[in-house]
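Engineer: Those protein sequence lines, which keep their order, are chains A and B.
Each residue of the first sequence is one higher than the one before, starting from 1 at the first, in the numbering used here.
Each residue of the second sequence is one higher than the one before, starting from 1001 at the first, in the numbering used here.
Hints listed in this document are in silico derivations from the structure and should not be mistaken for laboratory results.
All clues given are correct.
Chain B is faced by these chain A residues, among others (derived, beta-carbon under 8 angstroms):
1. G17
2. H18
3. A21
4. A32
5. I36
6. G37
7. T39
8. S56
9. M220
10. S222
11. Y227
Note that the Cβ used here is the ideal one computed from N, Cα and C, for glycine as well.
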Amino acid sequence: MGDNTLVLGQRLSEWCGHGPAPEEDIALANIALDLIGQTRLWLDLAGNREGLGRDSDMLAYHRNPWDFKNLLLVEQPNRDFGVTMMRQFLFDTWHLETLRILSHHTDKDVRGIAQKSSKEVTYHRARSTNIVIALGDGTEKSQLRMQSALNRLYPYVGEMFMTDKDDLIDMAALRPRFDAHLSATLNKATLTKPESEFYHKGGKTGTQHSEHLSHILATMQSLPRSYPEAKW
Amino acid sequence: MYAQMIKSEETYEDPKKLMAFQARIDDGDRIEPKDWMPKGYRKTLIRQIGQHAHSEIVGQLPEGNWITRAPSLERKAILLAKVQDEAGHGLYLYCAAETLGVSRDELTEMLLNGQMKYSSIFSYPALTWADMGVIGWLIDGAAILNQVPLQRTSYGPYARAMVRICKEESFHQRQGFDIMIKMVNGTAEQKHMAQDALNRLWYPSLMMFGPPDAESVHSEQSMRWKIKINSNDELRQKFVNQTVPQAEYLGLSIPDINLNWNERKQSYDFSQPDWSEFFDVLEGNGPASVDRIEARQAAWEDGAWVREARIAHAEKKNMAILAAE
Chain A
1 MGDNTLVLGQ
11 RLSEWCGHGP
21 APEEDIALAN
31 IALDLIGQTR
41 LWLDLAGNRE
51 GLGRDSDMLA
61 YHRNPWDFKN
71 LLLVEQPNRD
81 FGVTMMRQFL
91 FDTWHLETLR
101 ILSHHTDKDV
111 RGIAQKSSKE
121 VTYHRARSTN
131 IVIALGDGTE
141 KSQLRMQSAL
151 NRLYPYVGEM
161 FMTDKDDLID
171 MAALRPRFDA
181 HLSATLNKAT
191 LTKPESEFYH
201 KGGKTGTQHS
211 EHLSHILATM
221 QSLPRSYPEA
231 KW
Chain B
1001 MYAQMIKSEE
1011 TYEDPKKLMA
1021 FQARIDDGDR
1031 IEPKDWMPKG
1041 YRKTLIRQIG
1051 QHAHSEIVGQ
1061 LPEGNWITRA
1071 PSLERKAILL
1081 AKVQDEAGHG
1091 LYLYCAAETL
1101 GVSRDELTEM
1111 LLNGQMKYSS
1121 IFSYPALTWA
1131 DMGVIGWLID
1141 GAAILNQVPL
1151 QRTSYGPYAR
1161 AMVRICKEES
1171 FHQRQGFDIM
1181 IKMVNGTAEQ
1191 KHMAQDALNR
1201 LWYPSLMMFG
1211 PPDAESVHSE
1221 QSMRWKIKIN
1231 SNDELRQKFV
1241 NQTVPQAEYL
1251 GLSIPDINLN
1261 WNERKQSYDF
1271 SQPDWSEFFD
1281 VLEGNGPASV
1291 DRIEARQAAW
1301 EDGAWVREAR
1311 IAHAEKKNMA
1321 ILAAE
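So that you can see chain A by itself, here it is in the shape it has in the complex (with noise of 0.2 angstroms):
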């Protein structure tokens, strides 16, 4: 949860500055701000019960990619702001169902930053579909670069549907409940699902990345690794 937290996070905020209206440029440095808020709780946790001594700061900064269980979807580049909103729809998604389910869990920490974070997504999806629906819709050339986004990126939705030993949950339970959100918003924005359901997967196993992801990392561990004695 925290890496897919920490890379899309990263990735939203290089558009700072370059986003199509001032609005736009705000609306996404406050995604990016609550997700690497989620960031610091949930790898804050995880480097708790590692019990190593690790915080999310260490987890973040002095890992390598190999040691990443993103989603590969987080890692894909901005591409156009069609790009962007697209994955941050399919991942909003994905993500709200996984949070409500981990609200119910069992372990008080998981549960609490589920609870927490989960409001804020609840924000974060209702404002990407508003968007794949607006951009969809609007004109001829939008409609055409919406669909074209989707049909880049469906093949990495079916990864976030895997379980592998390390989920804490059924994670194939949650598709149902994406489908529906996905089909009802694809309507309204008059985009069409792409037929093919292959996807991609290795980046939640951490087995095989894009190459993407190492460039990612470059640049957001630069200074820590050049100056590991520095405190900021």
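Fit chain B to the given chain A structure using the hints.
Structural biologist: Chain B only, in chain A's frame:
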């Protein structure tokens, strides 16, 4: 100061109306959007508020360039919040300008085609993490000195925008100083970064207040209209007086061999920046000027389809509501 070298427009209007307008200002009245105002007052304010708004928007870029490299998650979160505030300041100011009859799109076009400027300071590159400290400490510090008096400016919407902005700016300045404290108490490399950032940004910070009063030909009318409250030199002196003890506290040296306490005037003597460099920057020849405008141009052009689509969607929704009625 986020607005520099604002040329006051002369006004040729009914002398009676002009006198009555000036009397309102002298009495401390606030001018509101629907009130009569001289054409020159309106044009000067559009230029000043527009430049201020552009500075907030362009000002996101040097800091935005460091969000992805912020050295801890906490620093990343703080910087994200700060840059978000700045975009918000840009929005309040564009809204204040809109009350004068100019649209945000028109102002943006004027920034991109060079008719309007943004503060010279953002034409300098942000090269190390210490620049994030100096931007908060000196640049936001200088902006506060300018903006606190503008809370009393004669134009209501501008004054009210300033009240909100000032509250957030003081938080920004404190976080900048906090970065500096960490840097000067850190490793040799961190101390080097801190001193290097101060060396590079000291004179550009002094330039933020605009040229010396003797050369500042447009100030008088703006001061009569209470669009400008203090003179450039007055604010610059105040800035130096306030900053020198802070630099001493940090153990950093200000790169000015002429910097001395003057007992008689109870102020510091200091060297002027290279004003020819300042005019070069205003002409678009700052070290990062072209990068900044290119980035804003790309954001504007690449975002056009998004803005168009959102308008088209909103219109379709409105039509559907009308049809249902």
